[in-house]
Amino acid sequence: MIGRMLSVELLKIRRKLLWMLAALGPVGVIGLQAVNYGLRYDYLMKLYGDSPWEGLLQQVGSLMLPALFIGLALVASMSAGIEHQAGAWKQLLALPVTRLQVFGGKVMLSLLLLLASCTLLLLLTLGMGLLLGFDPQVPWAEIVRQSYLPYLAALPFIALQSWLSIVMANQALPLTVGTLGMVLSMFSLLMPAWMPWGWPDRAVRSADALQAAGSGLALGVLVLLIGYAHFARKDVS
Amino acid sequence: MARLLASEWIKLRRSIIWLLLPASPLLAFVASWRSSLDSGGAQAWREVLAVGAMVHGYLFLPLLVGIFAALLCRFEHASGGWKQLLALPVRPAAVYGAKLAAIMALAAILQLLMCAAIAGAGLLRGLDAPVPWGMIGMSAFGGWLACLPLAALQLLASTAFQSFAAPLAVNVVFTLPNMLVANSRDFAPWYPWVQPLLAMVPQDTYGFGAFNVSLETLLAVIGGSFLVFLCSGLLYFVRRAV
Amino acid sequence: MKMMKQASGSWLLETKGLTKKLGGKAVVRDVDLRIGEGDIYGFLGPNGAGKTTTIRMLLGLAKPTRGGVTVFGKSLAANRMEILRHVGSLVEYPSYYGHLTGTENLEVIRRLLDVPKERIAEALSIVRLEKDAGRAVKGYSLGMKQRLGIAAALLGNPRLLILDEPTNGLDPAGIQEMRELIKSLPGQRGVTILLSSHLLSEVELMATKVGIIRSGSLIYQDSIASLKARTAGRIRFSVSEPEDAWKRLLELGFEAERDQSRLTVGGAADRTVASIVAELVRRGHSVYRVEEERSSLESVFLEMTGTGGSL
Chain R
2 MIGRMLSVEL LKIRRKLLWM LAALGPVGVI GLQAVNYGLR YDYLMKLYGD SPWEGLLQQV
62 GSLMLPALFI GLALVASMSA GIEHQAGAWK QLLALPVTRL QVFGGKVMLS LLLLLASCTL
122 LLLLTLGMGL LLGFDPQVPW AEIVRQSYLP YLAALPFIAL QSWLSIVMAN QALPLTVGTL
182 GMVLSMFSLL MPAWMPWGWP DRAVRSADAL QAAGSGLALG VLVLLIGYAH FARKDVS
Chain U
4 MARLLASEWI KLRRSIIWLL LPASPLLAFV ASWRSSLDSG GAQAWREVLA VGAMVHGYLF
64 LPLLVGIFAA LLCRFEHASG GWKQLLALPV RPAAVYGAKL AAIMALAAIL QLLMCAAIAG
124 AGLLRGLDAP VPWGMIGMSA FGGWLACLPL AALQLLASTA FQSFAAPLAV NVVFTLPNML
184 VANSRDFAPW YPWVQPLLAM VPQDTYGFGA FNVSLETLLA VIGGSFLVFL CSGLLYFVRR
244 AV
Chain X
9 MKMMKQASGS WLLETKGLTK KLGGKAVVRD VDLRIGEGDI YGFLGPNGAG KTTTIRMLLG
69 LAKPTRGGVT VFGKSLAANR MEILRHVGSL VEYPSYYGHL TGTENLEVIR RLLDVPKERI
129 AEALSIVRLE KDAGRAVKGY SLGMKQRLGI AAALLGNPRL LILDEPTNGL DPAGIQEMRE
189 LIKSLPGQRG VTILLSSHLL SEVELMATKV GIIRSGSLIY QDSIASLKAR TAGRIRFSVS
249 EPEDAWKRLL ELGFEAERDQ SRLTVGGAAD RTVASIVAEL VRRGHSVYRV EEERSSLESV
309 FLEMTGTGGS L
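Residue numbers (our numbering), protein chains in the order written: chain R, 2 to 238; chain U, 4 to 245; chain X, 9 to 319.
Do not take every clue at face value.
For each label pair, taking beta carbons as the anchor points, the in silico distance ranges come out as [claimed, not checked]:
hint, chain 1, residue 1, chain 2, residue 2, range
1, R, V28, X, S192, 52 to 58 Å
2, U, L22, R, A230, 49 to 55 Å
3, U, R242, X, G142, 26 to 32 Å
4, X, S192, U, R242, 44 to 50 Å
Computed footprint of chain R on chain U; a stretch qualifies when at least three of its residues, placed anywhere within it, have a C-beta under 8 Å from a C-beta of chain R [as the list claims (entries may be wrong)]:
hint, region
5, 26–38
6, 162–169
Computed far set for chain X versus chain R, every beta-carbon distance over 12 Å [stated by the list, open to error]:
hint, residue
7, E22
8, K24
9, R74
10, T78
11, G96
12, Y104
13, S133
14, K139
15, I170
16, A181
17, S283
18, S294
19, E299
Treat the hints as calculated values from the structure; they're not laboratory data.
Values in this document were obtained by computation on a predicted structure and should not be read as measured data.
Where a beta carbon is used, it is the ideal one built from N, C-alpha and C, also for glycine.
Okay, chain R solo, but in the shape it has when bound:
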C-alpha cells in the first residue's frame, strides 16, 4: 500500500516544477560555490591550507542549510498544494484509503524529493572537489555525514511544514512560517542547544552532530504523529 501511495504521488507531480525545484537547490548551491571558487580560488585555497575538502564542505554547508530550510517548506507546500488546487482532498478521502495512507503519501513524497536533493548535492560536491583537483583521497565519511545528517536533523521541520501545508488551504501561512524558520536557522550559533532551528547546523559542524540528527529524528516522528492525529480528526471540506 505504501508503494501504491507513493506511485500515485509520483504520478501527480508529472509535469510539475517540483522535481526541478528539488534539483534547483543543490545545483544552485554548487553553482554559487563554483563562482565563489572561480573568483577567489587562490584566497580560499590559502585559507583552508592543506585540507581543501574540509574547506569546500564548509563553504557548501553554509549555503546548503538555508537552502534546505526553505526548500523543505517549498516542497511540502507544493506537494500539498496539488490537492488544494485540484480540490481533491474530498475525492481522495472518499476512496478506500485510510487517512494515514493519504497523510503518509504526502510526507513520503516530500521526504523522497528532499533525499534526492541531498544526494544530488553529495554528487555535485564530490564532482566539484575532483574538478578543482583536490586530493583524490576523498573524505567519504565527512561528505556523507554532511549530506544526510542535516536532513535528519531537519525532520521536525519537514514534518511541521507538511502538516501545516496539508491542513491549510491557504499556503501563505505555512510558507511564511518556513521563511521565518530559514532566517532563524541562520542564527543557530546564538541558540541554546535545545532549539530545533539550530540542529541542522549542529549536524554539520559540531562534535554532537549525531546527537543533533538523532534528536531531529525523534522530534520529527513526534511532530508527524501530532500532525497525523490532527489530520485524522479533521472534517474535509
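The hints should help you fit chains U and X onto chain R, whose structure is shown.
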C-alpha cells in the same frame, strides 16, 4: 488611486502580515542589544545599527518584500479577484501601481519598526551618546529605497504565478546568493538583492566587501533595476489584462 | 411501492438520527435517510439546507456529531474502507489535477482503488470522453470536467453512486446529457444512486424516490409517485345561490369551502364529484362550471421547503 489603496488596506486588515512584521525588528533588536561592541561614544551607536542592519537586511528584508507581494496578490488569485478588480472602471496600470504602493507601505512600516528596535537596543545598553536619529533614519530610508526594485520584481512574479510557493522560490533563488555576494567588492554593488543590506549598514563600519561603495553607485543601480523590473511588470500585467 | 415494503435493516443506505453541529448550531438534525437497492434517490432542498454536509457524512469526510450511517447493512464508522470500495462519489464540484490528462487523472484513482486498467477505458466510454482523454484537464469545459468526475466515480464499479449537484453549472445540453447518463446507470449497471439538487424539476425527471431537507431536517421522504399524488386537484364548483349550496354540502358531510360564488372540495374522486353535481341540480342550483384546480409539484415543494419564490 486613493480608492484602490483604500481597498488594498481593507483586504490587508485581517491578514497574517501583522504577525509577520515585528519578527525581523525583534530579532534585530535582540542581536544588537546582546552583541559585543568594540568602541564607545557615537561610534558605539554606529556599531549597534550595523549589527541590527546585518540581521535585518541580509535576508529578512528582501524576503519579506517578496512575501508582502505574494500576500497582496493572493487575495486576487484566490477568489478570481483579478477579474473582478479589472472589470471595475480602473486602469490596469493603476491597479498594479496600487499593489506596488501597498508593498512599499508595508516595507515602510517594517523600517519604522526597525528604527524603534535599534533605538531601543542602544538605549537599553545605556550608550552615553544621544540617539542618532539622523543616522538611523537614513539607514532605514536607504533600505526602504533599495527595496523598490525587489518589490517591482516580486510583484511581477506574484501576478504571474497562481501559487504562493512560486514567487517565494524566485525570491529565495535571488536572495540566498546575498550570503556570498555581500563579500564581493566587485559584484555586490551591481546585485539588486544585496542593496538593502548595503544601504542600511552605515558606511565605513566594516572594512570588507562592498560596504564602502559610494551612494551614487547604489542609487544608480537601485534606480536602474527598479525601472527595468517595473516596466516589464507593467507591460506583462497590462497586456494580460486586456 | 416496492421500497416501502422492505424490512428495516435491508436498506442499501440508512442513516439514523444523523446530526451535525457546527459551532453549536445543528446544520443537520436527526436525519433518517432510507435508500433501497436500485433507487434513484433525489435528495432535495434549498441551498444551505444541509445537503452537502449530509453527503460528506455519508462518505466519512465529516464525522457526525450524533447518529450513524449504515451502508450495505454495515456501519460506516466501523467498515469505512470496505464500504467506500463500493461507493463512487462526486461532491459539489469535480476534483481534477489540471496539469494531468483525463486518463492520468483516472489513473491516479485507479491505482488507489486497485482495479484493472481496462476500467479506465470503460469509464471514459460511459461518459463519452474517449476523444479528449489525452488532453490536459485544465483545457476541458465545465461539462467535460463534470463528466470526468462521473467517470472517476464509476471507476471502481460502485454499487452506490453519490452525486452532489451533478448538473451544477452545466448548460441545458449538458444537463440533458447528464440526465440521460444518470437515468441509464441503474438499468445498465445495477447501481443505486443518491443525487442531490436544489431543483425539483431536475430530480423529478430522474428520481424514483425523494427526500426533502429543510434547515437541516428531513421533512419528507417517499416515492416520487406519492409526492405527485399530493398535487391531486381540488374541484371548484361555480353555482347559483352559493350560500345555500354550501350549507347543503356541509350537511351531507363534504368538506367544502366557500369563496363568494365558488365552492371548492378537496381531493374528490370522480364518484364524489358526480354525486355532488347530482345533489346540487336536484336542489335547484344552476351549476355553471366544474373545474379542477391542480397545484404544480413545484408549488408543493416550495410550500414544504417554505422558501417561496426562488430557492
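So, going through the hints one by one against the coordinates:
1. V28(R) to S192(X): 52 to 58 Å: 54 Å, holds
2. L22(U) to A230(R): 49 to 55 Å: 25 Å, violated
3. R242(U) to G142(X): 26 to 32 Å: 31 Å, holds
4. S192(X) to R242(U): 44 to 50 Å: At 47 Å between Cβs, range holds.
5. 26–38: Per the Cβ count (5), the hint holds.
6. 162–169: holds (count 5)
7. E22: 19 Å, holds
8. K24: The assertion about K24(X) holds, with a minimum of 20 Å to chain R.
9. R74: 15 Å, holds
10. T78: Check passes; 17 Å lies beyond 12 Å.
11. G96: 9 Å, violated
12. Y104: 6 Å, violated
13. S133: 21 Å, holds
14. K139: 21 Å, holds
15. I170: For I170(X), whose nearest Cβ neighbour in chain R is about 8 Å away, the distance does not exceed 12 Å, so it is violated.
16. A181: A181(X) clear of chain R: closest Cβ-Cβ about 25 Å, beyond 12 Å.
17. S283: 58 Å, holds
18. S294: 66 Å, holds
19. E299: Non-interface label on E299(X) holds, nearest chain R Cβ at 51 Å vs cutoff 12 Å.
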